[in-house]
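Student: Chain by chain, the residues:
2 protein chains.
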Amino acid sequence: MNYKEIAREVKLNSVKLGALSGEERNKALLKIKEALIDNKEAIFEANKADLKKAEEDGIAGPVLSRLKFDQHKLDDCLSGIDSLIGLPDPINKSVFRRMLDDGLVLERVTCPIGVIGVIFESRPDALVQISTLCIKSGNCAILKGGSEAAKTNRALFDVILHAGLEARLPEGFVTLVEDRAGIAELLECDDSVDLIIPRGSNAFVKYIMDNSNIPVMGHADGICHIYVDEAADIDKAVRIIVDAKTQYVAACNTVETLLVHKAVADKLVPALAEASKEKIALKGDENARRFADMEEATEEDFRTEYLDYILSIKIVGDINEAIEHINKYGSHHTDSIITECEGAADRFMTYVDSAGVYHNCSTRFADGFRYGFGAEVGISTGKLHARGPVGVEGLVTYKYKLRGNGHIVKDYADGVSTFKHKDL
Amino acid sequence: MNYKEIAREVKLNSVKLGALSGEERNKALLKIKEALIDNKEAIFEANKADLKKAEEDGIAGPVLSRLKFDQHKLDDCLSGIDSLIGLPDPINKSVFRRMLDDGLVLERVTCPIGVIGVIFESRPDALVQISTLCIKSGNCAILKGGSEAAKTNRALFDVILHAGLEARLPEGFVTLVEDRAGIAELLECDDSVDLIIPRGSNAFVKYIMDNSNIPVMGHADGICHIYVDEAADIDKAVRIIVDAKTQYVAACNTVETLLVHKAVADKLVPALAEASKEKIALKGDENARRFADMEEATEEDFRTEYLDYILSIKIVGDINEAIEHINKYGSHHTDSIITECEGAADRFMTYVDSAGVYHNCSTRFADGFRYGFGAEVGISTGKLHARGPVGVEGLVTYKYKLRGNGHIVKDYADGVSTFKHKDL
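Just so you know, the protein sequences line up as chains A and B, in that order.
Take 1 as the starting number for the first sequence in this note's numbering and just add one per residue.
Take 1 as the starting number for the second sequence in this note's numbering and just add one per residue.
It should be emphasised that the hints constitute simulated quantities derived from the structure, not laboratory data.
Check each hint, because a few of them may be wrong.
Interface residues of chain A toward chain B, partial, derived using beta-carbon atoms under 8 Å [unchecked claim]:
#, residue
1, L106
2, K236
3, I240
4, H359
5, L384
6, Y400
7, K410
Because the structure is a prediction, the values reported are computed rather than measured.
Cβ atoms here follow ideal geometry from the backbone N, Cα and C, with glycine treated the same way.
Model the full structure from these sequences, guided by the hints.
Tutor: Below, the structure written as structure tokens:
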């Protein structure tokens, strides 16, 4: 069977996973947790083999650290499973009930999306995180991991598959795609895969988005801004900017462009240059460069996600110019205003068209764990379905159930009956 | 300016519409309602010119009746606006508030999607319905109507545009695309149009879906099923089937395939053949044809949306076969079970993977007005964002607002601070 045929089988089976009770799905999660502990040595061994091969292939430091799956990463996975078990069941919740007429009752009930394809690079812990999020939300997962983690992924997948089946999850609740050609097949499964979640580099996510008719949830660019308002506390601003730029430089929620109100540029820019010395390379527009020694920032800089210790700076005339710049150059991810003026903060948070709009804090807070979602499948910069950090809730849709007793539409069209529309 | 440039302008302005209060948007709706009444003669005149041209062009009856915009259609539009004004404001609603730590508060607030492109055929009342739905939900609308309704659309658009601007809606809150080339440009506006809603024939919707990277909300096929269970009341079943097939044959929620449990086929099929005589052409599989005289239904029939007085029939061995058939051949729109057995109904409603799962009632109830949503922009067979009939609520997304006082992530990473995660 090719992956298209497999995906079709998974699709037909997927309703069975959604029909299990929350208790049954939680039991399976617990079983998986125990199986991961019981089989950890085999998993670590597989990971060592992947790491050895990666080193031989001359793969660089940051990738190696993402590839590593040790006791520490396992502990994170296990506590992630614990927190998932603790979350309320996201499916089979009645969201509203409405009597349309006597004996005709409409109900909206949450249910799984169905089949979710996840394509991720290097990090094997993502396999555990995503498959358990999918079990919690009643979705079948088709997973394709990075080839450099092939052995670790296979070991983790085997443990999860067997423990899940033992706990009576239906066949096909999780599938591993192991060859690269499988990606192209997966992207063509319009009739059976309901959602693709890509996790990886910008180029990778863009490739997925451009090459599938299946809806994609995620983000390509993360061009986040901080705007320092005229009413900003300068020390607070500098502290937040340094955190947002340097706390983890390769993250999507790291700040890339700083906008500074012209009234405070003479204080902010030199203070930042001093604080970030030897840590951040600043690039500025003509006005910014009057206040500190830095390279020139071009139009292209304001459209660039550096993922590096580089920050571009633009001086703006007022808050409206800052908002326009963000809505035009940004990626609708996360943007923050630093100000002591509540009115300015409200204006910024209303007019900036991003998933996260922050006041006096670091853009690095944009993260499912920090938001208290337990876990996240990723951060969405799309505006439909789920926006910002996406947890279990984003893996859920709903259906309408309508119960009658021989009700037909003709009676309402002819005026024999009329709708009562009463919420229950 | 071409439509791409126009759409970019609309995008930058769209945040202004979402920043207006609910009261301001309701005032604009009232103003538009009054303007439609004041200008109705000019609108009717324009419509007469469109109708005259359509007749000269030899356009057929059903299209003419959709094209007609008279006092009756106007009254429907006006009462639609009244019901929109009466609905609670869907945006700027705080959905949850959570304290992440002392002084660091996360809030999720509903907001408009942004810019919505709507492409519709023939019916000019759709222009009024959609533009007012967009105003209520704070979205800018870019509208492309059918060329046969060009004069009526222009007249309605002028009235809505001027009344809206007079009521202080921002520039660009509604845009009319009048040339056919505009469609292709609109479909390429990935950077400025957030959502496309196509309303028209299957082929038309499929064309839109295949030719844009912008998310599309709607449905192509509507292959709805009725399954008559072994525990069905036969009279009730026949009454519901006739309604679901004949009450409005060209609708997407009309039944196309009937599945009958083998235990009741000898009663149901002859009774239906008798009741639908001269009204419905039945086509059946081999087993169905043993109980009444009818044409043969092929595999292709079960994948066909007839939009005509034709119904295909298949005899199934049990409820599971019915569910599998629906999930495989259906379009995830609306499917109904006829049974007096609650257990069978529950099983059907859990396992059938459709936006609407019904028990003992006609599939024709799948409609925003009948659900009490006030109005609908269409019915979605996609599973993300909005499913089934989509009202104002489906035109809304959310953003996360995070308010702090100098909070940085480093403190949490270093263990200096820990999250408290307390819902407010």
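Student: A separate judgement is required for each hint: does it hold in the structure or not?
Tutor: We went through each hint and held it up to the structure:
no. : hint : result
1   : L106 : 6 Å, holds
2   : K236 : 4 Å, holds
3   : I240 : 6 Å, holds
4   : H359 : 5 Å, holds
5   : L384 : 4 Å, holds
6   : Y400 : 5 Å, holds
7   : K410 : 5 Å, holds
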